[in-house]
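> So the sequences go chain by chain: W and S. To convert, take the position in the first sequence, counting from 1, and add 40; that gives the working numbering. To convert, take the position in the second sequence, counting from 1, and add 40; that gives the working numbering.
I should point out that these hints are in silico values taken from the structure, not numbers from a laboratory. It is possible that some hints are incorrect.
Since the list gives no way to pick out one identical chain from another, each pair is judged satisfied if it fits inside one copy or across any two copies.
Claimed, not checked - Calculated cross-link-like contacts (lysine-lysine; reagent style DSSO-like; alpha-carbon spacing at most 30 Å):
#: 1; residue 1: K727; residue 2: K536
#: 2; residue 1: K536; residue 2: K425
#: 3; residue 1: K286; residue 2: K230
#: 4; residue 1: K251; residue 2: K284
#: 5; residue 1: K230; residue 2: K536
#: 6; residue 1: K387; residue 2: K668
These are the residues of each chain, in order.
Protein chains: 2
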Amino acid sequence: MLHLLHSLRLKARPSFPSSLSPSVIFTRSMASIDLRNALSDNQSALESQANAVRQLKSSAAAKSEIDAAVEALNALKLEKSTIERELHALINADGNGEGSGNKEAFRQAVVNTLERRLFYIPSFKIYRGVAGLYDYGPPGCSVKSNVLSFWRQHFVLEENMLEVDCPCVTPEVVLKASGHVDKFTDLMVKDDKTGTCYRADHLLKDFCNEKLQKDLTISSEKAAELKHLLATLDDLSAEELGAKIKEFGIVAPDTKNPLSDPYPFNLMFQTSIGPSGSSTGYMRPETAQGIFVNFRDLYYYNGSKLPFAAAQIGQAFRNEISPRQGLLRVREFTLAEIEHFVDPEDKSHPKYSEVADLEFFMFPRQEQVSGQSAKRIRLGEAVSKGIVNNETLGYFIGRVYLFLTHLGIDKERLRFRQHLANEMAHYAADCWDAEIESSYGWIECVGIADRSAYDLRAHSEKSGVQLVAQEKFSEPKEVEKLVIAPVKKVLGQAFKGSQKNVVEALEAMKEKEALDMKATLESKGEVEFEVCTLGKTVTITKNMVNIQKEKKKEHQRVFTPSVIEPSFGIGRIIYCLFEHSFYTRPSKAGDEQLNVFRFPPLVAPIKCTVFPLVQNQKFEEVAKLISKSLTAAGISHRIDITGTSIGKRYARTDELGVPFAITVDSTTSVTLRERDSKDQVRVDVEKAASVVREITEGQTTWAHVWSTFPHQSSTATDE
Amino acid sequence: MLHLLHSLRLKARPSFPSSLSPSVIFTRSMASIDLRNALSDNQSALESQANAVRQLKSSAAAKSEIDAAVEALNALKLEKSTIERELHALINADGNGEGSGNKEAFRQAVVNTLERRLFYIPSFKIYRGVAGLYDYGPPGCSVKSNVLSFWRQHFVLEENMLEVDCPCVTPEVVLKASGHVDKFTDLMVKDDKTGTCYRADHLLKDFCNEKLQKDLTISSEKAAELKHLLATLDDLSAEELGAKIKEFGIVAPDTKNPLSDPYPFNLMFQTSIGPSGSSTGYMRPETAQGIFVNFRDLYYYNGSKLPFAAAQIGQAFRNEISPRQGLLRVREFTLAEIEHFVDPEDKSHPKYSEVADLEFFMFPRQEQVSGQSAKRIRLGEAVSKGIVNNETLGYFIGRVYLFLTHLGIDKERLRFRQHLANEMAHYAADCWDAEIESSYGWIECVGIADRSAYDLRAHSEKSGVQLVAQEKFSEPKEVEKLVIAPVKKVLGQAFKGSQKNVVEALEAMKEKEALDMKATLESKGEVEFEVCTLGKTVTITKNMVNIQKEKKKEHQRVFTPSVIEPSFGIGRIIYCLFEHSFYTRPSKAGDEQLNVFRFPPLVAPIKCTVFPLVQNQKFEEVAKLISKSLTAAGISHRIDITGTSIGKRYARTDELGVPFAITVDSTTSVTLRERDSKDQVRVDVEKAASVVREITEGQTTWAHVWSTFPHQSSTATDE
């Protein structure tokens with residue numbers, strides 16, 4: 041059950057939050073161990089040399105002798121500062137890739153632009169907001185809606201998935217069955233005096249990071265211990281975490297008061313359904329459960345055939361203890377989840393060949409454990425070598441790769457990382473995360489897990505409704521079945537109140553165990569048998585149980601399907617997309633840096649701006665005409681008839697990531713400008729809207745437009 | 041503040057839930073009063089005639105005399121049953137239009153089809169569900185997503201609205217400001233013994249309806265009283281409701297136990313944000329507040345210009361006491377809301393002329409009060425006559441009409457009903473509901489309200505952040521302003537602890553009142569002045585306050601914008617659309633009724649099915665080829681290669697409302713069939729997908745396709 045806890049916690053969050061995976065930490069630490077050892081050696085040498093100098097001075101030794109000793113001391117000091125500098129550099133790289141300063145400055149530039157242009161707004165800002173809640177403002181909302189439309193096209197439509205839409209309010213019984221009521225928790229500590237709450241692992245992590253980064257005097261052994269602790273933080277029990285907090289003397293960061301012992305805090309928002317107050321409900325922590333509970337109807341809707349996939353897009357909620365990492369760790373977010381149901385005995389996929397030749401960064405378990413880094417692998421090879429468990433899982437990994445890169449995620453900063461054994465639920469067959477590198481490190485944005493039959497079984501058990509599939513045989517099959525029949529009367533006389541435990545233990549025997557028992561009973565007449573639930577061994581005699589094989593005719597096979605679940609954190613993907621799309625370039629005058637988002641037209645919040653070169657009624661009329669055609673074609677655009685300079689207007693739209701701008705500089709033809717190249721072509725007024733529509737809908741490309749239409753030098757519409 | 045309660049409660053629910061508006065009840069009751077009076081007369085006559093017969097018999101009168109009296113008695117009995125039958129018919133029409141039996145049977149047929157084909161699924165069905173929560177299954181989800189896409193195109197894109205996306209979890213302060221925390225309540229009564237909760241108005245309504253429908257002996261006065269009660273149910277206070285429940289002796293319907301007094305139950309789902317438990321939050325009851333709190337940023341984003349509109353689509357939540365009316369009154373639903381901000385001094389709309397000539401059913405206040413019915417009015421006339429308050433409100437009424445009818449809502453069963461004075465909030469300038477007639481009666485599906493400056497003022501006040509707009513004057517204007525300056529020192533000496541109340545009351549004076557005071561002070565030296573907050577009158581002397589007019593130069597006008605709010609209950613619109621689209625027709629053999637949804641292609645969950653006429657590899661390959669082209673064109677479709685008869689396959693897709701079917705009956709051309717006409721044409725294999733795409737996207741029509749391509753008799757693909 042520890043694994044269950046683990047898997048639930050991981051599902052929509054990075055496995056090593058805001059930090060690196062253990063393997064990366066591991067490789068980096070080799071260098072830092074050398075340096076720390078060198079520093080420690082240098083420190084000893086320094087101390088003994090300083091002693092030597094003092095002794096020489098107090099014993100009034102010869103000046104030349106003292107000078108030589110001081111020179112040696114200075115050399116050691118110089119060496120010390122060199123080692124320290126190197127160690128500092130390494131520590132800063134640790135956890136941040138290439139120096140945390142740059143990354144943070146970059147992030148600040150992106151986030152400033154995003155907030156200033158209302159991609160995001162901290163929710164309820166005029167009331168000073170609520171941590172972990174953000175609004176999408178107009179351009180952000182538009183990007184989100186484009187991403188979701190493309191998701192529907194790429195997954196739901198392309199794969200004929202069954203999309204459903206279930207409520208967020210969920211009764212307790214459903215989340216009891218899924219394990220969330222009992223296990224969806226984070227460990228929390230409270231300030232003993234003020235009652236302020238903290239995540240226990242965060243405090244421990246902060247302590248370790250600070251120690252590692254600022255305290256150069258700690259030994260390499262100590263450093264290794266802290267790093268190991270960081271890497272295994274998610275595995276610690278409440279007791280272990282509490283012990284570490286005590287051991288390190290960690291106190292409340294704000295008040296320096298002592299802290300309570302860690303205890304679990306359930307991350308679901310709780311509420312009450314109906315007026316009586318007796319019916320507990322929760323805001324769903326994921327959308328998947330809505331699909332599982334509908335399995336029977338959906339299977340029937342699909343003509344009682346496997347495989348099929350159901351999908352859902354919707355809000356999910358997590359009442360984080362103390363949200364960090366800005367837009368990546370929020371209390372309400374949009375998930376898009378797919379549950380692909382397959383026969384556990386046949387996980388092939390008919391369209392697998394369409395993705396098998398894709399090659400991209402994968403980070404298999406083996407490479408992580410042995411301290412290597414992610415490497416380019418052909419997907420087909422990963423599946424055929426068994427690195428990826430099965431074809432269907434491989435197919436979805438490939439489709440997710442295509443989805444993300446099509447949106448504009450940088451291929452070089454995208455990897456598929458396999459879960460380590462300790463990260464995975466005990467029932468899971470295999471699990472891969474699509475991780476995207478951002479200024480916060482590698483972020484889990486999509487989880488792709490083969491969850492076997494776990495979820496359907498859990499709901500079958502709790503609801504009493506069988507969530508199974510049937511395979512009808514073309515002709516009946518004769519099968520041999522082992523039948524274990526305890527003789528209850530005899531067992532009752534022998535074991536009295538414990539009879540039930542013994543009966544259950546007998547019935548639960550695996551085939552081999554039962555056959556062994558049968559052989560022993562036949563040869564010796566009795567056998568020692570361990571009953572776990574009694575915690576002891578009992579003696580079973582021949583007359584207590586009948587074990588034999590029987591032949592039966594079966595017309596169908598009834599089984600619980602496996603589920604392969606790609607689960608998309610839409611907000612995280614969008615945030616990473618913002619970082620990957622952002623760049624700056626100097627203004628024409630060279631006096632300032634201008635911000636640009638290089639969104640592909642598919643994603644861009646506004647596809648096109650239209651403006652008259654100068655304020656002029658004729659030009660304005662043409663601009664309005666083009667705007668009307670764009671609206672009719674369903675192309676989102678803005679018309680800007682302010683008198684601002686063209687350069688400023690371009691800068692304004694570049695910052696919103698608008699890929700095309702139409703400048704009306706005549707009444708017959710217009711200038712069409714592409715955002716990133718700043719190239720311009722001349723297009724007839726009547727054609728302008730349709731050219732933009734064709735590029736936006738992917739029927740043509742800018743390269744083709746550039747080769748077809750007359751070029752326009754930038755002097756006419758001076759930037 | 042009573043009005044506030046009213047307005048909040050009405051916002052997304054019908055004003056006369058599952059019943060008729062007072063005016064309709066009023067007109068119908070005239071006829072029923074006549075009948076009830078006739079029945080009462082008949083009853084008296086019957087009784088005296090029966091007495092007469094008894095007397096004649098006991099006095100041993102002549103047989104002929106007795107016979108004549110009995111005959112008269114029988115005639116009266118016959119008359120009674122005729123009146124009763126008429127009254128029954130009228131009562132059934134009341135509240136249901138044309139006999140509740142038919143309506144209920146129709147509804148049952150629609151709902152059965154919807155649930156069987158998974159348009160809807162009661163949520164968490166395997167756990168026996170939760171009242172008021174429904175899932176959209178695959179076809180329902182697709183219809184919903186089509187409706188929302190069209191909403192975005194028709195409103196957001198067409199009007200360049202600023203779309204935002206705010207969280208559902210909302211901190212208390214926001215909903216305190218909006219009035220929901222204090223006033224968003226329904227009155228509830230509890231079973232004194234079991235604690236079961238009921239809506240007080242529901243119990244009273246049920247009692248009145250039952251009395252009116254089943255008890256024919258009540259006097260016409262009593263009937264009129266009950267009907268009046270039904271019509272004014274929403275206006276009753278807790279005390280009035282409680283008194284009526286006592287007066288009528290209403291008890292708990294399930295147990296017949298006595299009931300508690302009515303008390304308010306807040307309809308918001310409450311939760312707690314963060315781990316401390318001290319920060320109360322609610323699941324938003326509407327999406328509008330997210331827009332209001334962002335007004336300042338959105339206004340700035342729009343270049344500090346009015347008018348502009350913001351829009352939001354999202355989930356909203358109401359913890360109904362006991363949900364009824366199936367899919368119309370649910371605990372979680374999707375709202376699409378627009379907040380159009382305008383200068384209160386200029387509510388014209390630039391695109392108003394585009395809708396002014398639309399003509400449709402409107403039901404102005406005057407017609408309701410005078411007992412007339414809704415009538416066709418040209419929108420332009422309604423605005424110019426002042427029936428609709430202003431152009432912008434009129435513009436949105438027109439756009440809503442176009443939106444609904446484009447989706448497939450029947451024009452004859454759609455009306456725009458103006459709110460009566462008692463339904464409207466005190467601050468509202470005007471309010472119209474788009475009501476759609478369904479088997480439940482007329483259902484409020486869209487509310488279109490001019491809410492004046494109420495919401496922005498409420499949040500300005502609570503947050504301390506000014507939510508205002510500026511109009512910059514081209515040149516400064518000289519304005520005369522009244523300045524009221526209380527002399528605090530003198531007031532303090534005179535009124536001690538009450539000084540603050542007096543100062544505030546003086547400062548709050550309207551211009552006329554202040555000028556009157558100034559005149560009186562100048563003539564008499566003192567004046568009696570009522571201070572509401574003290575509940576008494578005080579004497580103000582000349583030295584206590586300076587009142588005078590000052591001239592000032594102003595460079596701009598600062599004002600709180602008015603907001604015009606069209607608010608769409610998406611689930612209600614979709615349900616009404618289902619009812620309006622549903623019909624049955626006999627199968628070819630005539631042995632059964634087949635269900636059809638006549639969705640327009642825009643709305644249809646699946647646009648096209650593709651099936652081979654017979655199971656045959658060549659035909660299957662063609663089918664798959666066409667399917668691939670449809671996917672590439674983004675047209676949702678299903679391919680059906682089961683061997684079922686074509687007739688059955690058509691029936692199956694008709695029931696899902698699929699408008700087109702492609703039957704592959706050769707390898708060069710195919711049969712394309714339209715759902716409602718059942719007409720068929722032959723189309724080349726290569727053209728099939730693009731023809732379907734063009735009709736679906738509105739570039740061509742079936743009529744045009746029918747006139748272009750060769751017709752196909754239905755013998756080839758026998759239904």
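> Taking the hints in turn, state whether each one holds.
A quick look at each hint next to the structure:
Taking identical chains as interchangeable, the C-alpha atoms of K727 and K536 are never at most 30 Å apart, the minima being 91 Å within one chain and 78 Å between chains. For the identical chains of this complex, K536 and K425 are neighbours neither inside a copy (55 Å) nor across copies (91 Å), given an alpha-carbon limit of 30 Å. For a Cα distance limit of 30 Å, the shortest separation of K286 from K230 inside one copy, 14 Å, qualifies, whereas the shortest one across copies, 52 Å, does not. In this assembly of identical chains, K251 and K284 lie within 30 Å of each other by CA distance solely inside one copy; the values are 14 Å within and 73 Å between copies.
Taking the shortest alpha-carbon separations for K230 and K536, neither the intra-copy value of 49 Å nor the inter-copy value of 48 Å comes in at or below 30 Å. Taking the shortest alpha-carbon separations for K387 and K668, only the inter-copy value of 23 Å comes in at or below 30 Å, while the best intra-copy value is 51 Å.
Consistency with the previously given hints fails for numbers 1, 2, 5, ordered from lowest to highest.
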